[in-house]
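Asker: Single-letter residue listing:
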Amino acid sequence: MDCYTANWNPLGDSAFYRKYELYSMDWDLKEELKDCLVAAAPYGGPIALLRNCWRKEKAASVRPVLEIYSASGMSLATLLWKSGPVVALGWSAEEELLCVQEDGAVLVYGLHGDFRRHFSMGNEVLQNRVLDARIFHTEFGSGVAILTGAYRFTLSANVGDLKLRRMPEVPSLQSAPSCWTTLCHDRVAHILLAVGPDLYLLDHATCSTVTPAGLAPGVSSFLQMAVSFTYRYLALFTDTGYIWMGTASLKEKLCEFNCNIRAPPKQMVWCSRPRSKERAVVVAWERRLMVVGNAPESIQFVLDEDSYLVPELDGVRIFSRSTHEFLHEVPVASEEIFKIASMAPGALLLEAQKEYEKESQKADEYLREIQELGQLIQAVQQCIEAAGHEHQPDMQKSLLRAASFGKCFLDRFPPDSFVRMCQDLRVLNAVRDYHIGIPLTYSQYKQLTIQVLLDRLVLRRLYPLAIQICEYLRLPEVQGVSRILAHWACYKVQQKDVSDEDVARAINQKLGDTPGVSYSDIAARAYGCGRTELAIKLLEYEPRSGEQVPLLLKMKRSKLALSKAIESGDTDLVFTVLLHLKNELNRGDFFMTLRNQPMALSLYRQFCKHQELDTLKDLYNQDDNHQELGSFHIRASYAAEERIEGRVAALQTAADAFYKAKNEFAAKATEDQMKLLRLQRRLEDELGGQFLDLSLHDTVATLIRGGHNKRAEQLARDFRIPDKRLWWLKLAALADLEDWEELEKFSKSKKSPIGYLPFVEICMKQHNKYEAKKYASRVGPEQKVKALLLVGDVAQAADVAIEHRNETELSLVLSHCTGSADGATADKIQRARAQVQKK
Amino acid sequence: MAAHLSYGRVNLNVLREAVRRELREFLDKCAGSKAIVWDEYLTGPFGLIAQYSLLKEHEVEKMFTLKGNRLPAADVKNIIFLVRPRLELMDIIAENVLSEDRRGPTRDFHILFVPRRSLLCEQRLKDLGVLGSFIHREEYSLDLIPFDGDLLSMESEGAFKECYLEGDQTSLYHAAKGLMTLQALYGTIPHIFGKGECARQVANMMVRMKREFTGSQNSVFPVFDNLLLLDRNVDLLTPLATQLTYEGLIDEIYGIQNSYVKLPPEKFTPKKQGGGGGKDLPTEAKKLQLNSAEELYAEIRDKNFNAVGSVLSKKAKIISAAFEERHNAKTVGEIKQFVSQLPHMQAARGSLANHTSIAELIKDVTTSEDFFDKLTVEQEFMSGVDTDKVNNYIEDCIAQKHPLIKVLRLVCLQSVCNSGLKQKVLDFYKREILQTYGYEHILTLNNLEKAGLLKAQTGSRNNYPTIRKTLRLWMDDVNEQNPTDISYVYSGYAPLSVRLAQLLSRPGWRSIEEVLRILPGPHFEERQPLPTGLQKKRQPGENRVTLIFFLGGVTFAEIAALRFLSQLEDGGTEYVIATTKLMNGNSWIEALMEEPR
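Going line by line, the protein sequences match chains Z and X. If you're matching positions, the first sequence starts at 1 in the working numbering and goes up one per residue. If you're matching positions, the second sequence starts at 840 in the working numbering and goes up one per residue.
Please keep in mind that the hints were generated in silico from the structure rather than gathered at the bench. Predicted model, so just to flag it, every value in this text is computed and none were measured. Don't take every hint at face value.
[Claimed, not checked] With a straight-line cut-off of 30 Å between C-alpha atoms, the simulated DSS-like cross-links for lysine-lysine are:
no. : chain 1 : residue 1 : chain 2 : residue 2
1   : Z       : K751      : X       : K1228
2   : X       : K1106     : X       : K1154
3   : X       : K1213     : Z       : K609
4   : X       : K1308     : X       : K1245
5   : X       : K1294     : Z       : K609
6   : X       : K1263     : Z       : K675
7   : X       : K1175     : X       : K1213
8   : Z       : K537      : Z       : K559
9   : Z       : K769      : Z       : K786
10  : Z       : K724      : X       : K1228
11  : X       : K1240     : Z       : K748
12  : Z       : K786      : X       : K1175
13  : Z       : K675      : X       : K1289
14  : Z       : K668      : X       : K1000
15  : Z       : K724      : Z       : K750
16  : Z       : K750      : X       : K1240
17  : X       : K1213     : X       : K1000
18  : X       : K1228     : X       : K1153
19  : X       : K1228     : Z       : K750
20  : X       : K1106     : Z       : K609
21  : Z       : K724      : X       : K1213
22  : X       : K916      : Z       : K786
23  : Z       : K662      : X       : K1000
24  : X       : K965      : Z       : K559
25  : X       : K1263     : Z       : K668
26  : X       : K1263     : X       : K1245
27  : Z       : K786      : X       : K1213
28  : Z       : K774      : Z       : K750
29  : X       : K1175     : X       : K1106
30  : X       : K895      : Z       : K773
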């Protein structure tokens, strides 16, 4: 235990800093680090090296090599640099490598050296060349800031959504600033630069001079500046060897330090932990490393070789040719437990557990001590927390064992914090392995979230590990395994040396019906790589037609798209494909395609019915659908044509079509209609009045009402109107006219085929009781009672009903017996009814 | 506000709240004051989901009806078009937007498609050059609208015509989507049964959609045990017959639209004002909402109309007795209690007065001789009497030019009850109709034939008697007052569709395989496996819940019959009813008619 704190260095009274090795670097560097452009991504990200030969003016024939390594020095990619001179390298938040060229072009590469895209930082930059550039991270993403040869700044706060902003000019700036940095304040990126003794802050529109609060006098130049990971603090290194540390607004000084080294440091970065009161910066010279904070003394390390500092959320990573180390402030929990002679509950618990393992009764003493103070819960929590901050699995284990031991003596200690820590450490240890090379600390991991970590594993093509983690953490499939498998499949389709069949099969075998996997995304990727056939094969596995169809259309597989759309039942999708096909194919082919797809055909017909009538006709023609053609022309005869000739012609076409359709009835009816139309026109010509478009029935009725009985008869004969209906018709028309004389004549013309009750009814309807009575007597026996009741002759109705001995009729009459006048009749009926019922 | 939706076995208020939430979320996306431009057809169904007050809470200040030319002036920041995805509507919207741009301050346009966003429509907007004008283009998946505690409808007017006449399955797709939404809220339905071509397709789409949604594993405990999908064309007969339940008759005579009915106002004049009552007779139709929120209506709507009168008079006695109570109220406490019941009593009295008036209106119709004659003919057909020859009554109706829809309903009924008419009889009817009502109706007749409502007998066999006997569609001994069988809803005829549902629940369709083969379309059963944790352990005596979906429409009489089955003590099954459209024979035939002029 004593030696455990050997690498702890006190800074002032309250804080310790420790530096431990993460990896011994696996890389076999040919160059010195100082000869290279270096960029290392935060959160244990990859390292990019580019031999910077332009400045050394070596032979132009030797092309520089861009190398990408994991944090443990495993090579991820090596490629010859064939583009222009590079001024700066940097990693985006998505772990894409941004290479800023002298001409302002930014080339974007993937983690594996695959070229992604490029963009330009604008004309002004192109003209004045890039003098210096920084890649910085904000909450919106990754930004690029550029200092041009004209000493102007241009920046873009998010390279994903490129919007260039040219910063205002610094007045009378004659030389390049001695140092500069980007700040991020209120979601806006600013630039702070130092020229001689002056500091300037550039925001959107203005350039203002700023002075750090409480800056020691005598500064004639700033040599280095550093902004903290979260943009909250700023450190300035002056030519007097004086370091000012304060807030990024420069309005508050936190502390200052004089290191008495006037040589400009190579790097200066912040080293602080979230939620810690301690603030410190790490300053690096060629062979010296210094940790400076709010203390009169600094911590000093000797650097054996060229080193490079990478600021992290909770410390600093330092790598060189041979090692990769992490320097950070010792977290409180660890300090409490491991500090020499600590009596903190966690320390006692750790001790107790060790004694317990040794089977010593001291374990009990320690435990009792903690319990007496009532600090066992706290002790367990401390051990759990400290375990998270340990790098060595052995130490993690002993701390967790201690926590577990302590837990046994507690009632209802919620287990989730312990379980979660075990899980997290399991994941962390897995990704810290040098094969993987992501040296995340616990705090970084929590900040990054598991989702992003999984993304990064996917980015490194570490699919199996990612899946294992998902399964281990029991993440929901859609967020976890499925997503990773989908990424794997997208990578798989890019393997051009494997045949389409094999890739498709491999993917389906692995993915199966895994929920949440989008085969269409994978297919789109395959199509993007020019593997159309593979894409089609993959789409077969896609259950969502809404996703299949657009891609199939894009790949010009419209007919396949059509059958997929039809399968889905989504008519809108079918329409979309149809309209696409219509433009793509010539008319004949289009119609042929439709013919094989009845559902599409009927939908398209519907479309045409509202949008393109002529096409509808062509469709029916093509299919020899004469029945529908007939209906089509019938409709046309009403819709378009005003003149009789036109209408008759359309009807003739319709009739012909109906004949072809073997629909004799419709054909005949249509011919009748033509005959009627012509006749109606003649009637209008000869008699005047309105006949056109009346039905045959109404035409005859109109003729009768107009007194043209002969013509009416003729028409009825011509169209073979059945006698019964003609009688009804005539009856109604004559009653309408109230031509009672003619009606009577008509009723006597022959025996009525509809009986005489209708005559009674219609007369009563016209309130002519006198006429009605005439017919009532002629009504046949079955309806006699009804007729008599209609004309109001209750007494006679009763007689007839009694005579018929019909119960229903009797009741009917009875219901008409109202008032005292019918009293006698009612009695009579009651008696008759009783008699009928008896039988 | 919509408490009656939660009274049933399945709380449909959950669905209503879900769709309301979706609407609110959309409205809140468009920040600032808004005007809604309505596709007029949608206003009715929307009234059941969101009253104006809800819209107002979300800064909807103006409402317009979608029509051509300019939009009316409105000082709002957002204009939201709420439309069905129809090309002709897109043209109007484009016209609106284009004429808007030229004047005044620019406004934000949005479009909300109900129930589905359509690529086709967006393409049209793009072609018209206005697609870019819309900031939000979204869909509001309002498929199934809760009408009552056990009733859902898509209110898709053309569904039957589109499916059976035009081969357009859009409404089936929406039905399947609606069922997926229901399953998301009420759990996966473990058993799907179906009969008919469309039913098969909907079930297929559901299986497909389920596959699309794997991953978002549904963990809701299933509320429905079964889903029964029924094609309307399996039972073309029922809607043609005149409904004889109270609600059915209101619908037959006055037409119920989105649970509202408009009635002639004369019978509803307030009786209180004695003086000068004759002068200001209301001329505007009386509009009443009809649903189970009204206690009395819930009690009488599904009764045979002949049984309604006695209930009403009984109620009248109870209410007047309750009012008489006030004379007995002596102490302050008693008076207070009486007063506290007053609002409820007054509401009950108002409700009673309304329904007495409605019943009188209906009675005027049902006691007419013509109604009686028509009913006699219908019942003759349904019981299999003289279905094979020209019917005198129909002939006379045509000769007297009775309303065409009435004639068509009767002819179709006869055709269906005879498995098609003899060619001679059919041609006679058709000729009579064309000569009397005009030759243009040949298109309507063609449509009816295409839909199978009207047809010539092919082959010699008339299948209807077999179906009638096996399914016991005609019951001679019907008790209208205290029914023992569903046949009471048509005073003798038991609706085929409901009989199928009844037989499915007990003893199962295996017993009627033969009849099922005669009826059109396949019958099938699908299982949707549930994870073991969600499998139901039924308590003894607990009823199953069946969701029955009528593809192509359902009548109120059928609904009444299903409710009757739900209430049977030993029934074993309770029904929730869903449909593409609430309809009756008139609206159904009307939708199939075609007037070329």
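Asker: Does each hint fit the structure? Answer for all of them.
Answerer: Evaluation of the provided hints:
1. Z:K751 / X:K1228: holds (24 Å)
2. X:K1106 / X:K1154: holds (19 Å)
3. X:K1213 / Z:K609: violated (37 Å)
4. X:K1308 / X:K1245: holds (27 Å)
5. X:K1294 / Z:K609: holds (25 Å)
6. X:K1263 / Z:K675: holds (23 Å)
7. X:K1175 / X:K1213: violated (54 Å)
8. Z:K537 / Z:K559: holds (15 Å)
9. Z:K769 / Z:K786: Given pair K769 (chain Z), K786 (chain Z) holds - Cα atoms ~14 Å apart, limit 30 Å.
10. Z:K724 / X:K1228: Holds, because 16 Å separates the two Cα atoms, which is no more than 30 Å.
11. X:K1240 / Z:K748: Satisfied, since the Cα-Cα distance of roughly 24 Å is no more than 30 Å.
12. Z:K786 / X:K1175: violated (59 Å)
13. Z:K675 / X:K1289: The given pair, whose Cα atoms are some 27 Å apart, holds under the 30 Å limit.
14. Z:K668 / X:K1000: holds (27 Å)
15. Z:K724 / Z:K750: Holds. K724 (chain Z) to K750 (chain Z) sits at ~12 Å (cutoff 30 Å).
16. Z:K750 / X:K1240: Answer holds: K750 (chain Z) to K1240 (chain X) is near 24 Å, not above 30 Å.
17. X:K1213 / X:K1000: With a Cα-Cα distance of about 26 Å, the restraint between K1213 (chain X) and K1000 (chain X) holds, given a limit of 30 Å.
18. X:K1228 / X:K1153: violated (46 Å)
19. X:K1228 / Z:K750: holds (26 Å)
20. X:K1106 / Z:K609: Measuring from Cα to Cα gives roughly 46 Å; hence the hint is violated.
21. Z:K724 / X:K1213: Holds, because 19 Å separates the two Cα atoms, which is no more than 30 Å.
22. X:K916 / Z:K786: At roughly 71 Å apart (the allowed maximum being 30 Å), K786 (chain Z) and K916 (chain X) break the hint.
23. Z:K662 / X:K1000: Holds: K662 (chain Z) and K1000 (chain X) sit about 25 Å apart, inside 30 Å.
24. X:K965 / Z:K559: Given pair K965 (chain X), K559 (chain Z) holds - Cα atoms ~24 Å apart, limit 30 Å.
25. X:K1263 / Z:K668: holds (15 Å)
26. X:K1263 / X:K1245: Roughly 21 Å between the alpha carbons, so the hint for K1263 (chain X) and K1245 (chain X) holds.
27. Z:K786 / X:K1213: holds (18 Å)
28. Z:K774 / Z:K750: With a Cα-Cα distance of about 16 Å, the restraint between K774 (chain Z) and K750 (chain Z) holds, given a limit of 30 Å.
29. X:K1175 / X:K1106: Since the Cα atoms of K1175 (chain X) and K1106 (chain X) sit roughly 34 Å apart, the hinted pair is violated (cutoff 30 Å).
30. X:K895 / Z:K773: Violated - the C-alpha atoms of K773 (chain Z) and K895 (chain X) are around 67 Å apart, more than 30 Å.
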